[in-house]
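Sequences listed follow chains L and A, in order.
Just so it is clear: in the first sequence, position 122 is 122 by the working numbering, and no numbers are missing.
Just so it is clear: in the second sequence, position 254 is 254 by the working numbering, and no numbers are missing.
Just so you know, these hints were derived from the structure itself, not from any lab.
Any given hint could be a false lead.
[Unchecked claim] Taking lysine-lysine and the DSSO-like style, the derived pairs with C-alpha atoms no more than 30 Å apart in a straight line are: (1) K137/A x K53/L; (2) K109/A x K119/L; (3) K221/A x K291/L; (4) K165/A x K17/L; (5) K277/L x K291/L; (6) K173/L x K47/A; (7) K291/A x K17/L; (8) K163/L x K47/A; (9) K220/L x K291/A; (10) K116/L x K47/A; (11) K164/L x K10/A; (12) K277/L x K47/A; (13) K304/L x K10/A; (14) K176/A x K17/L; (15) K277/L x K304/L; (16) K176/A x K291/L; (17) K277/L x K137/A; (18) K10/A x K119/L.
[Claimed, not checked] With beta-carbon atoms standing in for the labels, derived distance ranges: (19) F58/A x F218/L: 27 to 37 Å; (20) L93/L x M120/A: 35 to 45 Å; (21) I86/L x G208/A: 47 to 57 Å; (22) V84/A x V54/L: 48 to 58 Å; (23) L93/L x I167/A: 36 to 46 Å; (24) P223/A x L226/L: 45 to 55 Å; (25) V88/A x D213/L: 51 to 61 Å; (26) P196/A x R117/L: 17 to 27 Å; (27) P223/A x N311/L: 52 to 62 Å.
All residues carry an ideal CB built from backbone N, CA and C; glycine is no exception.
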Amino acid sequence: MSKKNRSSKNFKFGYDKSTQFQLHSLMLPGTILIILFSIVPLFGLLLAFKAYKVTEGIMGVFTSPFIGFQNFKIIFGNYDFLNMLINTLGINLIGNVINIFAAIFFALMINEIVNKRFKSAVQTITYMPHFISWVVFGSVVMILLSGDGGAVNQILMKLSIIKKPIVYMAESKYFWWIAIFSNLIKELGWSTILYTAAIAGVDQELYEAADLDGASRFQKMRYITLPCIEGTIVIMIIFAVASIMNNNFDQLFVLQNSFNLERSEVIDTYIYKVGLKQLQFGMAAAINIFKSAIALVLLVTANKVSSKLTNKGLF
Amino acid sequence: MNKIKSKKQKHFNSVLGFFMILIMIITIYPVWFSIINSLESAQSISKNGYALLWCREFTIESWKAVLNNINILSAFFITFSRTVIVIVLQTLVTAMFAYGFSRSNLRGKGFYKTLGLLSMYLNGGIIAYFILFNTLKLYDSYWVYIIPCLFGGFYNVIIFNANFKEIPEALIESAKMDGASEYRIFFKIVMPLSKPVLSALGIFTAVGTWNDYTQTLYYTKSPDLQTLSYYILVITKSSESASKLGESMGMAASSILSTMSSNATSYKTIELACMLLSVIPLIVMYPFAQKFFEKGVMVGSVKG
Chain L
1 MSKKNRSSKN FKFGYDKSTQ FQLHSLMLPG TILIILFSIV PLFGLLLAFK
51 AYKVTEGIMG VFTSPFIGFQ NFKIIFGNYD FLNMLINTLG INLIGNVINI
101 FAAIFFALMI NEIVNKRFKS AVQTITYMPH FISWVVFGSV VMILLSGDGG
151 AVNQILMKLS IIKKPIVYMA ESKYFWWIAI FSNLIKELGW STILYTAAIA
201 GVDQELYEAA DLDGASRFQK MRYITLPCIE GTIVIMIIFA VASIMNNNFD
251 QLFVLQNSFN LERSEVIDTY IYKVGLKQLQ FGMAAAINIF KSAIALVLLV
301 TANKVSSKLT NKGLF
Chain A
1 MNKIKSKKQK HFNSVLGFFM ILIMIITIYP VWFSIINSLE SAQSISKNGY
51 ALLWCREFTI ESWKAVLNNI NILSAFFITF SRTVIVIVLQ TLVTAMFAYG
101 FSRSNLRGKG FYKTLGLLSM YLNGGIIAYF ILFNTLKLYD SYWVYIIPCL
151 FGGFYNVIIF NANFKEIPEA LIESAKMDGA SEYRIFFKIV MPLSKPVLSA
201 LGIFTAVGTW NDYTQTLYYT KSPDLQTLSY YILVITKSSE SASKLGESMG
251 MAASSILSTM SSNATSYKTI ELACMLLSVI PLIVMYPFAQ KFFEKGVMVG
301 SVKG
């Protein structure tokens, strides 16, 4: 059959039936898994507009009665909702701004290290916390800050800055900063990796030319390195803006407790509580839709703005 | 003029070095703090607070207690087996999908692309998964750790795809001319040539799976399915309540902690030993894994 095909005019290599069958069969397990675990769950978004009861099983998603925007009304009318939104946005906005600036600064500084061994030692050590789980890292943070012999209290008391130990985790006013700075320490090294890669791609001749013109280190950094990694910076900012409604559940759930709840309750932890603990599926789905819709709008807007301003965008 | 410049340079270099050392100390200190305090006796901690720089009263009792605890060992085993199975199968399934996707002669690529992008940008949320897993009888079973994780996500497909495209087309075509099937090409040519990207993604999968606790938190309830991360979460939350601070999350765990505590150990030191136990495999793997980081991230950033 293949001989006959090869002589025919329409034959194109690799389009025969058996090749196609083999390719599709290689893709089959993945396809089934995507459909089952990514596409089917999308029907769960319907729950936001329905009065669904847990006992109704999976068919209940389709058969339970429509109630329109009832679930949304309950959520937006909830006293805690605004507070939760503020926490979500506050931790993310401040955290992202600090993170992006710190990462760019740190990447530039790493680039300035002359000694290669020292440079790779710095990278090795600062990358490491990224791989430690938030359960462990968050627990250490809580122990370091504990009012019961924690390191921070010990040091501050030895320096006689404070007289009595402060239970940082139990006072909600500290929570944002604890969340933001523990994340910064954990991720600072790792978040430089993309910038470092971008800096490595800068044409060395530019630096040599600048050297001839007598440019200082800071001038080279300011007028060569920074403009060259602009594209990477823009992409990181777009991602940060798009994920502004997504908190790091892994982190915040560990650090959260009933004393700091006022400042630590964010959308993601709330969805978990309302949905899986109180089994109010409709409300949890409604918050999820609200969150995703905002994220989508932000992603598109950020991308448009950045392609207008810098001609660099994601798509 | 040159002299002034070189003096300035030297000055800058030493400030930079000092700054870098400071940052390294800050990042490494939490780990060091955990190590020394897991080896510190409980009496000393309750008397003088946690040790800051060095052990004051050295003891390995907490580690003994942790390593003799059957619950912790079973959690360790569940985490370990789950991680190994997921790395192998997920890498295979994802690479197979990506290979088909990377072939220019694949018919119906648009369909797969639509599926992939949908799965990447939309998310049904934990409630939908809860109902689905309940229906599939995955809820509260060991398989909930395996089956939903078998596909590594479309993002990984994009990374694989970029890599497979770099393999010369002629190599694959000549193998086909010689009568090799697509399966043979995939397993004998494509996979061996893609070792760096396989390792890179394998490492990220391994770390993600090892560290994950949400799957346990959301979709299981029986204690014998606890993973190590989840176990530490329970201990942490209950030690919080032990220090009059928090939720009533794990009464079971706090009773475990009290049975494990003795004169030399307390929930504080045991918590730390347990945390370190979960970090050890990562630290052992870290030097080997490190050379693949940049590769994995770079490829992703080019095409991602």
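Checked hints:
no.: 1; hint: K137/A x K53/L; verdict: 18 Å, holds
no.: 2; hint: K109/A x K119/L; verdict: 44 Å, violated
no.: 3; hint: K221/A x K291/L; verdict: 28 Å, holds
no.: 4; hint: K165/A x K17/L; verdict: 23 Å, holds
no.: 5; hint: K277/L x K291/L; verdict: 20 Å, holds
no.: 6; hint: K173/L x K47/A; verdict: 29 Å, holds
no.: 7; hint: K291/A x K17/L; verdict: 42 Å, violated
no.: 8; hint: K163/L x K47/A; verdict: 18 Å, holds
no.: 9; hint: K220/L x K291/A; verdict: 29 Å, holds
no.: 10; hint: K116/L x K47/A; verdict: 45 Å, violated
no.: 11; hint: K164/L x K10/A; verdict: 43 Å, violated
no.: 12; hint: K277/L x K47/A; verdict: 39 Å, violated
no.: 13; hint: K304/L x K10/A; verdict: 45 Å, violated
no.: 14; hint: K176/A x K17/L; verdict: 14 Å, holds
no.: 15; hint: K277/L x K304/L; verdict: 39 Å, violated
no.: 16; hint: K176/A x K291/L; verdict: 49 Å, violated
no.: 17; hint: K277/L x K137/A; verdict: 19 Å, holds
no.: 18; hint: K10/A x K119/L; verdict: 17 Å, holds
no.: 19; hint: F58/A x F218/L: 27 to 37 Å; verdict: 49 Å, violated
no.: 20; hint: L93/L x M120/A: 35 to 45 Å; verdict: 25 Å, violated
no.: 21; hint: I86/L x G208/A: 47 to 57 Å; verdict: 30 Å, violated
no.: 22; hint: V84/A x V54/L: 48 to 58 Å; verdict: 34 Å, violated
no.: 23; hint: L93/L x I167/A: 36 to 46 Å; verdict: 43 Å, holds
no.: 24; hint: P223/A x L226/L: 45 to 55 Å; verdict: 53 Å, holds
no.: 25; hint: V88/A x D213/L: 51 to 61 Å; verdict: 55 Å, holds
no.: 26; hint: P196/A x R117/L: 17 to 27 Å; verdict: 24 Å, holds
no.: 27; hint: P223/A x N311/L: 52 to 62 Å; verdict: 56 Å, holds
When the structure is compared with the earlier hints, violations turn up for hints 2, 7, 10, 11, 12, 13, 15, 16, 19, 20, 21 and 22 and for no others.
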